[in-house]
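Student: Protein sequences, first through last, are from chains A and B.
Sequence positions in the first sequence follow this note's numbering and run 1 to 420.
Sequence positions in the second sequence follow this note's numbering and run 1001 to 1420.
Careful, some of the hints might be misleading.
Dumping the calculated DMTMM-like pairs for lysine to aspartate or glutamate here, alpha-carbon to alpha-carbon at most 25 angstroms [to be verified]:
no.	chain 1	residue 1	chain 2	residue 2
1	B	LYS1289	A	ASP151
2	A	LYS207	A	GLU233
3	A	LYS396	B	ASP1098
4	A	LYS406	B	GLU1236
5	B	LYS1179	A	GLU205
6	B	LYS1406	A	ASP146
7	A	LYS406	B	ASP1053
8	B	LYS1082	B	ASP1053
9	A	LYS179	B	GLU1236
10	A	LYS361	A	ASP146
11	A	LYS406	B	GLU1205
12	A	LYS396	B	GLU1236
13	A	LYS349	A	ASP206
14	A	LYS349	A	ASP128
15	A	LYS289	B	ASP1115
16	B	LYS1396	A	ASP104
17	A	LYS406	B	ASP1098
I should point out that these hints are in silico values taken from the structure, not numbers from a laboratory.
These are the residues of each chain, in order.
2 protein chains.
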Amino acid sequence: MKKRNAFYAQSGGVTAVINASAAGVIETARKHQDKIGKVIAGRNGIIGALTEDLIDTGRDSATAIAALKHTPSGAFGSCRYKLKGLAESRAQYERLIDVFRAHDIGYFFYNGGNDSADTCLKVSQIADRLNYPLQAIHIPKTVDNDLVLTDNCPGFGSVAKYVATSMREAAFDVASMAKTSTKIFVMEVMGRHAGWITAAVGLAEDKKTPIPLLLLFPEVVFDEAKFLRAVREKTERFGYCCIGVSEGLRDASGKLMAETGTRDAFGHAQLGGIGPQIAQLIREKLNYKYHWAVADYLQRAARHIASKTDLEQSYAVGKAAVQFALGGHNAIMPAIIRTSDVPYRWKIKAAPLAKIANHEKMLPKTYITRDGFGITDKARAYLTPLIRGETPPPFKNGVPQYVRLKNIPLPKKLDMDFAI
Amino acid sequence: MKKRNAFYAQSGGVTAVINASAAGVIETARKHQDKIGKVIAGRNGIIGALTEDLIDTGRDSATAIAALKHTPSGAFGSCRYKLKGLAESRAQYERLIDVFRAHDIGYFFYNGGNDSADTCLKVSQIADRLNYPLQAIHIPKTVDNDLVLTDNCPGFGSVAKYVATSMREAAFDVASMAKTSTKIFVMEVMGRHAGWITAAVGLAEDKKTPIPLLLLFPEVVFDEAKFLRAVREKTERFGYCCIGVSEGLRDASGKLMAETGTRDAFGHAQLGGIGPQIAQLIREKLNYKYHWAVADYLQRAARHIASKTDLEQSYAVGKAAVQFALGGHNAIMPAIIRTSDVPYRWKIKAAPLAKIANHEKMLPKTYITRDGFGITDKARAYLTPLIRGETPPPFKNGVPQYVRLKNIPLPKKLDMDFAI
């Protein structure tokens, strides 16, 4: 087996643990220096490959690479840049192969969600057509948890732990204040298409710690009258009510509720998202005092409260990607296979990209309670193991210590610039 | 010394660590059962005393009381209910003494901020006038950090740690995305009058981890043109820019910026706070893509990332309150006195309530950099020790385990109901 270089890039929205996958790739590759030469990273994702803006990860120490395991964000930069079909984006795909050829890249590791799974598959196809020997492996990452064939997606478990913890803490706060002040707390969470993160808010409560909690899923059409009845019922019975709402909540016409808001004098859509909208609605119709929170990036960047399960799996898929590559695999993704709920057990298996790209795993209907506002025991059995375990980063002077790599550029080999 | 009962109540907005002060009071009182009988808590703060809705804390085990140290929120309920002057609110003050007399309460421990310091002082005065023997001790608590005579206020350090950590994490996230996506991240923080929490956002960055960060303090009049220049400069130089903005940001006329927003078709003030407003302004004027977060209650309820220093001090002021009471003190507050910055050292001293009530400690001008957008080294020296140390709660199934006390009511002794 001829020794060749590897390329690694991060794609789309970053997470609290995507860098653990990078560490898995780099540390595993370093253990196989007879077969893998450099691990070259794309600066700002695939754009780095297209523009030959490459990083020599070999210039960073073992200590720095190990520190990626406790550092959120994308250490090499990520991007939102979608390659289209092979015909439509042919120039880009061919350019990728040119760059790979110039740097003798035999392994393409692409760390992202649905779009990047599709890109990874197409890169493997174009390499094949151009007779360029390349093994393309997709490494799963998405807080949206919507990739198929894998039981769950690295990045999701940590967001899930963050939103469950945050809602539990806020619920305790509101319960203290409800007698004379705030009775309603609304937290908006990510997940525009699928309600996985919304479902995870449901883990804020359990049998030992019940909380009057209503969830608004993107999968359940918003029924204002029914929702307000539920809010009033909870508030009258328990004194307060907490609401977790997906940014992707839709009305009966299928329109995003966040986009149906009023506009200001300049015609700009109002600034608040769906969280403040729901809070305001409750105030207008039920006259309860409210507070609302929109955690936004805080939820996906919160390495300080990352899930240990999530961290381990993120590292494992990076490590497995290299092992699968060395085993001759191509156009696959290391998928997480759950073999047992209690005790939770999982393993990694290669799943074909052709069956992953362009599919979306939605929250099963059986995970949502009949009234549409809660999660079932089945959902709990699925979700709970994913948020289990704590793995705090090192702290100094009260704040987490995250690494910034040197990200030293690799000298360019191609003459031509490439406009993106 | 005749054995008498103690009364404890929580007042105003709760924090991640106010229950540690409750634990300090109860555990210390339990060690002096020769002098202190029951510790009676007011359900929902002072309202519990006025309505004789009292809790027998003796019905909760030592384990449950110890668990208060890792439980955010107000375990007995808090309230927003301000007693006015002795003349104006005479009926309330006399009622308090009636209830105290009925339950043989000789110690009044009131755990709160500025308003409750004032109430505590007045309770001590009315007891004196009515010849009712009572020692009134105020226990400091406020995330706003604005009590005088104490170096800092329990509750603040944990919020400070939360906002510094959150901004650091979000900044890493944005830095990854800035090439093709989000370049601006705005986080709104609490602190309507004083910029202590805004200043703490500045701890997100330090010499080892610089971040292009701008702070908008309530103490600094908002200058739109100057601010936008600073945002553009940071973004052009570093590729992205993070902004921490106080909910109390004011314009040149002294008006709260959050209240100057546009109104919707129904005349309602727009939903978003100042965070989304600032983000939208940057979008309109500089055309950068933005994200914004409003953590709201999450920041003050976040026991999972509480400061160890804060936790220790919260417990210490509760413990000292009981010790001062047993030592014969009245109308005082255990204040935190800093004796050294490096290494950080502090002690507790009794401070007279007469010099605390109705004063507000503002952020010193020397803590804000000359350009108005950052914190000075002096501010860092003050703030850093307050967020130092981690003290995570126990977790089970991925979420923190917080205690809910039994809160068993004490039988009423008075015939008369009291309307509040």
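Student: All hints are to be evaluated individually against the structure, with a verdict given for each.
Tutor: Results of checking the hints against the structure:
| no. | hint | result |
| --- | --- | --- |
| 1 | B:LYS1289 <-> A:ASP151 | 33 angstroms, violated |
| 2 | A:LYS207 <-> A:GLU233 | 20 angstroms, holds |
| 3 | A:LYS396 <-> B:ASP1098 | 51 angstroms, violated |
| 4 | A:LYS406 <-> B:GLU1236 | 21 angstroms, holds |
| 5 | B:LYS1179 <-> A:GLU205 | 39 angstroms, violated |
| 6 | B:LYS1406 <-> A:ASP146 | 42 angstroms, violated |
| 7 | A:LYS406 <-> B:ASP1053 | 62 angstroms, violated |
| 8 | B:LYS1082 <-> B:ASP1053 | 18 angstroms, holds |
| 9 | A:LYS179 <-> B:GLU1236 | 49 angstroms, violated |
| 10 | A:LYS361 <-> A:ASP146 | 4 angstroms, holds |
| 11 | A:LYS406 <-> B:GLU1205 | 18 angstroms, holds |
| 12 | A:LYS396 <-> B:GLU1236 | 30 angstroms, violated |
| 13 | A:LYS349 <-> A:ASP206 | 32 angstroms, violated |
| 14 | A:LYS349 <-> A:ASP128 | 23 angstroms, holds |
| 15 | A:LYS289 <-> B:ASP1115 | 21 angstroms, holds |
| 16 | B:LYS1396 <-> A:ASP104 | 48 angstroms, violated |
| 17 | A:LYS406 <-> B:ASP1098 | 70 angstroms, violated |
Hint violations for this structure: numbers 1, 3, 5, 6, 7, 9, 12, 13, 16, 17, all remaining hints satisfied.
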